[in-house]
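Asker: Below are the chains, spelled out letter by letter.
There are 2 protein chains.
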Amino acid sequence: MRNFSETNITDAVLERIAGAGDPRIKQVSEALVRHLHAFVREIRPTQKEWEYGIDFLTRTGHMCDDKRQEFILLSDTLGVSMLVDAINHPVPDGATETTVLGPFFVQAAPEKQNGDDISGPMQGDPMIVTGSVSTADGKPLAGAVVDVWHSDNDGYYDVQQLDEIGDLAMRARFHTDANGRFHFWSIKPAAYPIPHDGPVGEMLEAQGRHPWRPAHVHFMISAAGFEQLVTHVFVAGDKYLDSDVVFGVKDSLIHDFVHCPPGRAPDGRTVESAYYHLNYDFGLKRAASNARAA
Amino acid sequence: MRNFSETNITDAVLERIAGAGDPRIKQVSEALVRHLHAFVREIRPTQKEWEYGIDFLTRTGHMCDDKRQEFILLSDTLGVSMLVDAINHPVPDGATETTVLGPFFVQAAPEKQNGDDISGPMQGDPMIVTGSVSTADGKPLAGAVVDVWHSDNDGYYDVQQLDEIGDLAMRARFHTDANGRFHFWSIKPAAYPIPHDGPVGEMLEAQGRHPWRPAHVHFMISAAGFEQLVTHVFVAGDKYLDSDVVFGVKDSLIHDFVHCPPGRAPDGRTVESAYYHLNYDFGLKRAASNARAA
Ligand SMILES: [Cu+2]
Ligand SMILES: [Fe+3]
Ligand SMILES: [Fe+3]
Numbered sequence: 001m002r003n004f005s006e007t008n009i010t011d012a013v014l015e016r017i018a019g020a021g022d023p024r025i026k027q028v029s030e031a032l033v034r035h036l037h038a039f040v041r042e043i044r045p046t047q048k049e050w051e052y053g054i055d056f057l058t059r060t061g062h063m064c065d066d067k068r069q070e071f072i073l074l075s076d077t078l079g080v081s082m083l084v085d086a087i088n089h090p091v092p093d094g095a096t097e098t099t100v101l102g103p104f105f106v107q108a109a110p111e112k113q114n115g116d117d118i119s120g121p122m123q124g125d126p127m128i129v130t131g132s133v134s135t136a137d138g139k140p141l142a143g144a145v146v147d148v149w150h151s152d153n154d155g156y157y158d159v160q161q162l163d164e165i166g167d168l169a170m171r172a173r174f175h176t177d178a179n180g181r182f183h184f185w186s187i188k189p190a191a192y193p194i195p196h197d198g199p200v201g202e203m204l205e206a207q208g209r210h211p212w213r214p215a216h217v218h219f220m221i222s223a224a225g226f227e228q229l230v231t232h233v234f235v236a237g238d239k240y241l242d243s244d245v246v247f248g249v250k251d252s253l254i255h256d257f258v259h260c261p262p263g264r265a266p267d268g269r270t271v272e273s274a275y276y277h278l279n280y281d282f283g284l285k286r287a288a289s290n291a292r293a294a
Numbered sequence: 001m002r003n004f005s006e007t008n009i010t011d012a013v014l015e016r017i018a019g020a021g022d023p024r025i026k027q028v029s030e031a032l033v034r035h036l037h038a039f040v041r042e043i044r045p046t047q048k049e050w051e052y053g054i055d056f057l058t059r060t061g062h063m064c065d066d067k068r069q070e071f072i073l074l075s076d077t078l079g080v081s082m083l084v085d086a087i088n089h090p091v092p093d094g095a096t097e098t099t100v101l102g103p104f105f106v107q108a109a110p111e112k113q114n115g116d117d118i119s120g121p122m123q124g125d126p127m128i129v130t131g132s133v134s135t136a137d138g139k140p141l142a143g144a145v146v147d148v149w150h151s152d153n154d155g156y157y158d159v160q161q162l163d164e165i166g167d168l169a170m171r172a173r174f175h176t177d178a179n180g181r182f183h184f185w186s187i188k189p190a191a192y193p194i195p196h197d198g199p200v201g202e203m204l205e206a207q208g209r210h211p212w213r214p215a216h217v218h219f220m221i222s223a224a225g226f227e228q229l230v231t232h233v234f235v236a237g238d239k240y241l242d243s244d245v246v247f248g249v250k251d252s253l254i255h256d257f258v259h260c261p262p263g264r265a266p267d268g269r270t271v272e273s274a275y276y277h278l279n280y281d282f283g284l285k286r287a288a289s290n291a292r293a294a
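Those protein sequence lines, which keep their order, are chains A and B.
Taken in order, the first sequence gives residues 1 to 294; the numbers are from UniProt numbering.
Taken in order, the second sequence gives residues 1 to 294; the numbers are from UniProt numbering.
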């Protein structure tokens, strides 16, 4: 086959990949070619615009290293991450809604005990987080693994300032107790702009968008026989709740971080300054392979 | 706006970018979001497949440096480069058809005189290239700039073996003479696989495709008042003419590289070995801004 023109090249490419051995690879490749060509046909890029596109993708790749994932930021800001999340996580009644993982998750967070303060060297408004993990129909789950991570009072994560603070902070892994409960102390997180000094920031500015996310605490919760829950709890009243740059906010995930006076805290400790209290109850969805056990 | 689901997230993203200041950026961004989301909705990627996609793009970016452009290879092998070429270069009667630039073009090729041998240290079957450059209606163009580049007998370009050969070769810039003609000596190029030790090679293998291009000589021809012509001339009879991995072959660009016995060559020189002769006449399309002069 030769002599490809605007009208016959898409079929030519589809024909060329028709021999893919794996049916899923064939399906994904064909869909990619059809939508990509339809996009190009619709916008009719000049040669210069095509060069800009190649350069944009190249710079996005060059921005990625072990501390920065610019392609995830691109997926997040174009709404693709939330779309993939929605496709994969229909949520039954009683189960907590999901949202994006975000770029600041770290695989091996420090193991902590319930009641520990995870703020490390960071200064800020004290916050106690109490919570429970249960099945969607309300049965407590003991021994569930609860990963938490959040930003500091200025909106920065530990991994963005490791040079200054020296170690991970505001990040830990807990296990629920016999009643399915966990609790810890830290500092209240703030709203923050996603890293916007790269190609994604350039795109947001060109699209007339701000780079901010409303304040939140990340949770990743795992228990044998249940789907892993990846979500946040957002601070009620934040001014970016309706314009989160990555489209991650759901009403059920917004919660009061209650401002409490000094005195006896929910964990029985006496504290000398005012603090914030977040209490949130999480419900896990049974894994498909665990259907028999339901 | 909050609570984005599979059904409402696309509109949410479109609403968010509706304020883009530049109408072209708005148009391209909107089309990108619609086609990208439609692709994701069609294939319904698992979280793992989404992660593979992020990793594939990241590795493609990391493969790019000043000697390798993996995103151009991706565009070429998905037929996007030829589609963009077709959109931008409708060809009037008498003008030469266009094809992809390819990843081996170098901005500052050495200036050579008509009749020079540009093969440098490379060994191979001698080849003389003679040609003309004229308007689409056949008027010779003197002083046109003719960039040429091609592979060696093993299918490698100079830039792929600079460490061994030390300098550019099989690559030069000529100017047409008073009759619009140019000619030079080199060695006959061979078919070659595009670089396939990266993500694009991984994709081709998964899609059941070979990475080969039929043998060709690249030409980029410029003359004031005319559209720059980017094209190849392909060697007639090559076994990859119907399966060029980048979809670049057009019948009008296939030409005999005539095998000639030793003796008097077309440039009057006497040669002692057999050689190949390519003669090709190029027609340039008048630039839109030059319409008055037509
Ligand atoms: Cu589409
Ligand atoms: Fe975050
Ligand atoms: Fe080539």
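Keep in mind the hints are simulated off the structure, nothing from the lab.
Accuracy of the hints is not assured; some may be wrong.
Identical copies go unnamed one by one, so any copy, or any two together, can satisfy a pair.
Derived pair list, reagent style EDC-like, types lysine to aspartate or glutamate, alpha-carbon separation capped at 16 Å [what the hints assert, rightly or not]:
(1) K67 to E111
(2) K250 to D116
(3) K26 to E15
(4) K26 to E42
(5) K250 to D93
(6) K67 to E30
(7) K112 to E6
(8) K112 to D177
(9) K26 to E202
(10) K26 to E49
(11) K285 to E227
(12) K250 to E6
(13) K285 to E97
(14) K67 to D55
(15) K139 to D65
(16) K112 to D281
(17) K67 to D167
(18) K26 to E205
(19) K48 to E227
(20) K285 to D137
(21) K285 to E15
(22) K239 to D251
(23) K26 to D11
Asker: All hints, please: hold or fail.
Answerer: Hint-by-hint comparison with the structure:
1. For the homomeric pair K67 and E111, neither the shortest alpha-carbon distance inside one copy (21 Å) nor that between copies (45 Å) is at most 16 Å.
2. Taking the closest pair of Cα atoms, K250 and D116 never come within 16 Å of each other, the shortest separation being 29 Å inside a single copy and 70 Å across copies.
3. For a Cα distance limit of 16 Å, the shortest separation of K26 from E15 inside one copy, 11 Å, qualifies, whereas the shortest one across copies, 33 Å, does not.
4. Taking the shortest alpha-carbon separations for K26 and E42, only the inter-copy value of 13 Å comes in at or below 16 Å, while the best intra-copy value is 24 Å.
5. Taking the closest pair of Cα atoms, K250 and D93 come within 16 Å of each other only inside a single copy of the chain (15 Å); across copies the shortest separation is 59 Å, beyond that limit.
6. In this homomeric assembly, K67 and E30 never come within 16 Å of each other (Cα to Cα): the closest approach is 33 Å inside a single copy and 30 Å across copies.
7. For the homomeric pair K112 and E6, neither the shortest alpha-carbon distance inside one copy (60 Å) nor that between copies (36 Å) is at most 16 Å.
8. In the homo-oligomer, the alpha carbons of K112 and D177 lie at most 16 Å apart inside one protomer (13 Å), although the nearest pairing across protomers, at 80 Å, exceeds that limit.
9. For the homomeric pair K26 and E202, the shortest alpha-carbon distance between copies (14 Å) is at most 16 Å, but the shortest distance inside one copy (34 Å) is not.
10. For a Cα distance limit of 16 Å, the shortest separation of K26 from E49 across copies, 14 Å, qualifies, whereas the shortest one inside one copy, 29 Å, does not.
11. For a Cα distance limit of 16 Å, the shortest separation of K285 from E227 inside one copy, 6 Å, qualifies, whereas the shortest one across copies, 61 Å, does not.
12. Within a single copy, K250 and E6 get their C-alpha atoms only as close as 43 Å, which misses the 16 Å cut-off; across copies the closest is 13 Å, which meets it.
13. In this homomeric assembly, K285 and E97 come within 16 Å of each other (Cα to Cα) only inside a single copy, at 10 Å, whereas the closest approach across copies is 59 Å.
14. Proximity of K67 and D55 under a CA criterion of 16 Å is satisfied inter-copy only: 14 Å between copies versus 22 Å inside one chain copy.
15. In the homo-oligomer, the alpha carbons of K139 and D65 never lie at most 16 Å apart, since the shortest distance is 42 Å inside one protomer and 55 Å across protomers.
16. In this homomeric assembly, K112 and D281 never come within 16 Å of each other (Cα to Cα): the closest approach is 20 Å inside a single copy and 76 Å across copies.
17. For the identical chains of this complex, K67 and D167 are intra-copy neighbours only, at 14 Å inside a copy versus 38 Å across copies, given an alpha-carbon limit of 16 Å.
18. Taking CA atoms no more than 16 Å apart as the test, K26 paired with E205 passes between copies only; the shortest distance there is 12 Å, against 36 Å inside one copy.
19. Only between protomers do K48 and E227 lie at most 16 Å apart by alpha-carbon distance; the minimum there is 14 Å, versus 46 Å within a single protomer.
20. In this assembly of identical chains, K285 and D137 lie within 16 Å of each other by CA distance solely inside one copy; the values are 9 Å within and 72 Å between copies.
21. Proximity of K285 to E15 under the C-alpha cut-off of 16 Å is found in neither arrangement, the shortest distances being 42 Å within a copy and 32 Å between copies.
22. Proximity of K239 and D251 under a CA criterion of 16 Å is satisfied intra-copy only: 14 Å inside one chain copy versus 61 Å between copies.
23. For the identical chains of this complex, K26 and D11 are intra-copy neighbours only, at 14 Å inside a copy versus 29 Å across copies, given an alpha-carbon limit of 16 Å.
Consistency with the previously given hints fails for numbers 1, 2, 6, 7, 15, 16 and 21, ordered from lowest to highest.
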